[in-house]
Amino acid sequence: MNADNRCGLSPDSQYVELAVEVFSMLADATRIRIILALRDEELSVNHLADIVDKSPAAVSQHLAKLRLARIVATRQEGTRVFYRLANEHARQLVADAIFQAEHALDQNPAHHRAAMPSIAPVGSITGA
116 MNADNRCGLS PDSQYVELAV EVFSMLADAT RIRIILALRD EELSVNHLAD IVDKSPAAVS
176 QHLAKLRLAR IVATRQEGTR VFYRLANEHA RQLVADAIFQ AEHALDQNPA HHRAAMPSIA
236 PVGSITGA
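For the sequence shown, the positions run 116 to 243 when my numbering is used.
In short, the hints are calculated from the structure, not lab data.
Check the hints yourself; a few may be wrong.
[Claimed, not checked] Heads up, simulated SDA-like pairs for lysine to any residue below, C-alpha to C-alpha not over 20 Å straight-line:
hint : residue 1 : residue 2
1    : K180      : I166
2    : K169      : N202
3    : K169      : A152
4    : K180      : A216
5    : K180      : L133
6    : K180      : D168
7    : K169      : R182
8    : K180      : F214
9    : K180      : H204
10   : K180      : E132
11   : K180      : E157
12   : K169      : E132
13   : K169      : V196
14   : K180      : V167
15   : K180      : R190
[Stated by the list, open to error] Distance windows between CB atoms, simulated:
hint : residue 1 : residue 2 : range
16   : R199      : P126      : 27 to 35 Å
17   : E132      : G193      : 20 to 28 Å
18   : R185      : D155      : 32 to 40 Å
19   : N223      : R199      : 29 to 37 Å
20   : R195      : N223      : 42 to 50 Å
21   : F138      : H218      : 17 to 25 Å
22   : A219      : T194      : 24 to 32 Å
23   : A173      : H218      : 38 to 46 Å
24   : E203      : A173      : 25 to 33 Å
Glycine is no exception: its CB is placed at the ideal position from the N, C-alpha and C atoms.
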């Protein structure tokens, strides 16, 4: 059996409409910025509001939508609520979208240059 069919990557997948909903949920610059801010750590609404330069009320509304879509999860500590990405897929999806956007502006975008290891000239390795 094809691995793509098992995990829902076939054109007739039952997940296509849900994937469209995910893209629709991410079609907002503030939500993308929130996901980027949450890449490596959990943050409070106020901290996120400072990072994305929006009011805490606006950020809270975006977080509520992301939470309903199961893109972010919460942890409560006393009266404070901390947000984190629910899984690694939102992080990767947004990273890939940013990388795709970089391709629109540069044929050799920074994410390709950073991933390419520097190669020493032949014979320059010590002990060779």
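Hints versus structure:
no., hint, in the structure
1, K180 x I166, "holds (19 Å)"
2, K169 x N202, "violated (24 Å)"
3, K169 x A152, "holds (13 Å)"
4, K180 x A216, "violated (24 Å)"
5, K180 x L133, "holds (15 Å)"
6, K180 x D168, "holds (18 Å)"
7, K169 x R182, "holds (18 Å)"
8, K180 x F214, "violated (25 Å)"
9, K180 x H204, "holds (17 Å)"
10, K180 x E132, "holds (18 Å)"
11, K180 x E157, "holds (17 Å)"
12, K169 x E132, "violated (31 Å)"
13, K169 x V196, "holds (18 Å)"
14, K180 x V167, "holds (16 Å)"
15, K180 x R190, "holds (16 Å)"
16, R199 x P126: 27 to 35 Å, "holds (33 Å)"
17, E132 x G193: 20 to 28 Å, "violated (39 Å)"
18, R185 x D155: 32 to 40 Å, "violated (20 Å)"
19, N223 x R199: 29 to 37 Å, "holds (34 Å)"
20, R195 x N223: 42 to 50 Å, "holds (44 Å)"
21, F138 x H218: 17 to 25 Å, "holds (18 Å)"
22, A219 x T194: 24 to 32 Å, "violated (43 Å)"
23, A173 x H218: 38 to 46 Å, "violated (30 Å)"
24, E203 x A173: 25 to 33 Å, "holds (26 Å)"
In terms of the numbered hints stated before, the structure departs from hints 2, 4, 8, 12, 17, 18, 22, 23, listed from lowest to highest.
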